[in-house]
Amino acid sequence: MNFRKISIACSFATFGLYAALILSLFYFFQGEKLLDTLLSERTLFSVRLSLAAATISTVFSIVIALPAAFALSRYEFRGKRAVDTMLELPMIVSPAALGAMLLIFFNNPLGLWIQDHGAQFVFTFYGIVLAQFVTICGVSTRLIKAAMDEIPPRYEAVARTLGASPAKAFLTITLPLSKRGIIAASILSWAKALGEFGATITIAGSMAMKTETLPIAIFMRLSSAEIEGTVVLILILVSIGLSILYAVRFLSRGNSYA
Amino acid sequence: MLEVIDLSSKVGTFVLSNVSLTIFPSSCHVILGPTGSGKTLLLEAIIGLRMPQKGKVILEDNEITFLPIEQRGLSYVPQDLALFPHMTVKENILYPLRVRGKRQNIENGIVQELVNSLGIRHLLDRSVKNLSGGERQRTALARALASGCKYLVLDEPLSALHESLKKELWYLLKDLQRRYDLSILMVTHDLEEAFFLGDRMTIVLDGKVRQQGTKDQVYKHPASFDVAEFLGIRNLFSVQTEKVTDDAPSVYCRGLRTTLKLSETALESKLIKTSSFFIGVRSEDVAILLPGELKAHTNNIVTGAVRDTFENGPFLMLIVTNPDCSLSVEAAIPRITAKKLRLSKGSSISLLLPEESLFLIAP
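Sequence order for the protein chains is V and L.
Mapped onto our numbering, the consecutive letters of the first sequence carry residue numbers 1 to 258.
Mapped onto our numbering, the consecutive letters of the second sequence carry residue numbers 1 to 363.
By construction, these hints were calculated from the structure, which means they are not laboratory data.
Note that CB positions come from ideal geometry on N, CA and C, so glycine has one too.
Please note that the accuracy of each hint is not assured.
[Stated by the list, open to error] Computed Cβ-Cβ distance ranges for the label pairs, DEER-style:
1. V:167 - L:160: 49 to 55 Å
2. V:152 - L:242: 28 to 34 Å
3. V:112 - L:86: 48 to 54 Å
4. V:78 - L:168: 29 to 35 Å
5. L:116 - V:165: 27 to 33 Å
6. L:165 - V:154: 18 to 24 Å
7. L:165 - V:244: 58 to 64 Å
8. L:214 - V:85: 54 to 60 Å
9. L:314 - V:165: 50 to 56 Å
10. L:130 - V:167: 28 to 34 Å
11. L:168 - V:242: 23 to 29 Å
12. L:214 - V:154: 51 to 57 Å
13. V:165 - L:8: 43 to 49 Å
14. V:74 - L:214: 38 to 44 Å
[What the hints assert, rightly or not] Covered stretches of chain V, going by a simulated chain L footprint (3 or more residues, C-beta under 8 Å):
15. 84–98
16. 145–157
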């Protein structure tokens with residue numbers, strides 16, 4: 001067997017592993033349970049809560065990530081390396097630890113003051129959004145920076161010699177050229193927020209019909225040995241996730257201007 | 001007038017030091033130098049892409065050294081042209097009007113004239129990704145000029161083009177310069193391009209200005225051995241002053257074992273008063289003496305044999321060496337003349353190094 005065949009076999013083995021996991025769900029799949037679970041008020045609440053929280057946290061993270069990524073991609077400044085390294089924090093610290101850090105923060109004097117004078121985060125919807133935002137903000141910034149790194153800074157330089165201010169050069173050149181990368185980053189961040197579990201359950205808890213996102217609903221149904229319902233919820237999550245990843249692949253085609 | 005005064009800039013360990021130059025209105029000033037000499041760094045400091053460590057940039061009596069790029073009034077065309085890939089040709093050309101909040105209409109005054117004179121009307125709705133090299137070049141020029149800027153800064157914009165297209169664009173640039181009264185600052189490492197387009201030139205080697213002047217001055221009197229070598233002059237000989245009289249200074253070249261009489265203008269050089277220096281002569285200025293012409297000359301003659309020949313376009317390059325000499329002389333003669341004289345390897349030949357073509361170079 002030559003190297004080409006071995007590498008292709010490995011790629012199919014990886015595919016097979018995940019496909020087998022998905023297919024194994026159908027062992028416990030009951031057609032009649034599908035509609036019941038799907039249309040139950042509790043499931044619909046979980047879907048709505050997950051979609052709303054993931055969308056809001058993604059919007060916040062992209063709003064912060066866009067200028068941050070541009071700064072990291074284009075400017076040299078003191079502390080740049082520290083900022084760049086910190087973006088990886090959500091990837092190296094487990095989600096549960098990230099959630100625990102948030103919980104500990106809100107028990108510090110500053111956190112308590114924020115809770116007293118601003119919004120309540122512990123065991124609330126805001127907590128879910130915050131947990132997801134903390135998890136995805138670094139990733140969004142990293143992905144958008146990668147898209148902006150692909151665009152030669154010379155385009156912006158020429159735009160400025162033609163009369164564009166730095167903000168106009170960003171809006172008319174950098175932003176449209178990195179559009180696909182930004183959309184892809186948003187979708188991936190949204191998908192990651194949708195599947196976020198560890199940080200969310202640590203700060204927002206697992207309260208049915210209150211902080212029960214889709215991943216928490218899966219955990220709760222599994223805890224109560226409700227396998228058929230768990231399977232349906234997993235299939236919903238997998239369907240949303242896979243369609244989103246396919247969309248990302250589609251949007252990322254031919255995004256090179258270098 | 002655009003003036004650069006004592007400008008220094010640094011990138012990594014490379015330093016561009018103390019550059020001063022003046023771009024006169026309606027003229028083309030060429031910065032000439034090999035790759036890595038600091039030409040692009042100098043341009044970037046002038047247009048504001050890089051802050052200089054010291055020095056000033058002055059445009060029409062206003063200091064612009066620390067002004068934001070967009071307020072400098074200098075249009076820039078980089079080496080890769082940087083046409084915006086997400087826009088059509090028309091959108092690229094109208095970009096300077098768009099960002100300045102002006103009416104964007106291709107049929108407006110200067111834009112319409114540019115589109116017609118550059119011959120790109122039929123390309124307006126095309127994506128810039130689908131343009132040929134020459135079309136991209138014309139679009140980049142149209143975009144730079146649509147801003148209405150009178151100062152155009154070009155960073156080797158023709159380097160990627162093939163010879164015939166490059167020459168076509170030389171004429172186009174000359175035409176645009178006259179038509180729109182442009183002042184051009186251009187960087188190149190192409191000697192032919194520099195001497196065709198430039199009115200004045202600055203030669204930059206290793207981050208330092210080595211010579212500045214009109215193209216005639218640079219062509220006829222390279223300022224140093226390095227500059228002469230960079231300009232491709234291979235006939236550079238070490239000489240000692242032999243006799244300095246009011247009308248006919250002469251020097252002795254030990255390597256060629258001959259006395260070289262210099263023209264009166266050599267007296268203007270301080271070098272003639274020193275004991276030793278270099279003499280240079282361009283290969284195209286070296287003449288072949290026919291047997292009948294030898295009697296008329298007593299100096300400036302090198303007699304030897306053709307050691308090697310190389311074809312170079314319309315010229316045949318002869319490398320002539322006298323068996324007793326340690327140096328060779330390179331002569332470029334029209335191929336048709338070489339054919340008539342039946343010159344080939346081993347042929348005996350006498351060369352004249354005309355006194356008016358000899359220039360003095362500091363050691």
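Right, here's what the structure says about each hint:
1. V:167 - L:160: 49 to 55 Å: Distance hint for residue 167 (chain V), residue 160 (chain L) is violated at roughly 32 Å.
2. V:152 - L:242: 28 to 34 Å: violated (59 Å)
3. V:112 - L:86: 48 to 54 Å: Holds, at about 49 Å.
4. V:78 - L:168: 29 to 35 Å: Between residue 78 (chain V) and residue 168 (chain L), where Cβ atoms are some 50 Å apart, the hint is violated.
5. L:116 - V:165: 27 to 33 Å: holds (31 Å)
6. L:165 - V:154: 18 to 24 Å: holds (22 Å)
7. L:165 - V:244: 58 to 64 Å: Given range 58 to 64 Å: violated, Cβ gap about 47 Å.
8. L:214 - V:85: 54 to 60 Å: Check passed, 55 Å falls within 54 to 60 Å.
9. L:314 - V:165: 50 to 56 Å: Roughly 52 Å apart at Cβ, these two residues keep to the hinted range, so it holds.
10. L:130 - V:167: 28 to 34 Å: Holds, since residue 130 (chain L) and residue 167 (chain V) (Cβ atoms, about 30 Å apart) stay within the stated range.
11. L:168 - V:242: 23 to 29 Å: violated (55 Å)
12. L:214 - V:154: 51 to 57 Å: violated (32 Å)
13. V:165 - L:8: 43 to 49 Å: violated (28 Å)
14. V:74 - L:214: 38 to 44 Å: For residue 214 (chain L) against residue 74 (chain V), whose Cβ atoms are near 41 Å apart, the range 38 to 44 Å holds.
15. 84–98: violated (count 0)
16. 145–157: As far as the region 145–157 of chain V goes, the hint holds, because 4 residues have Cβ atoms under 8 Å from chain L.
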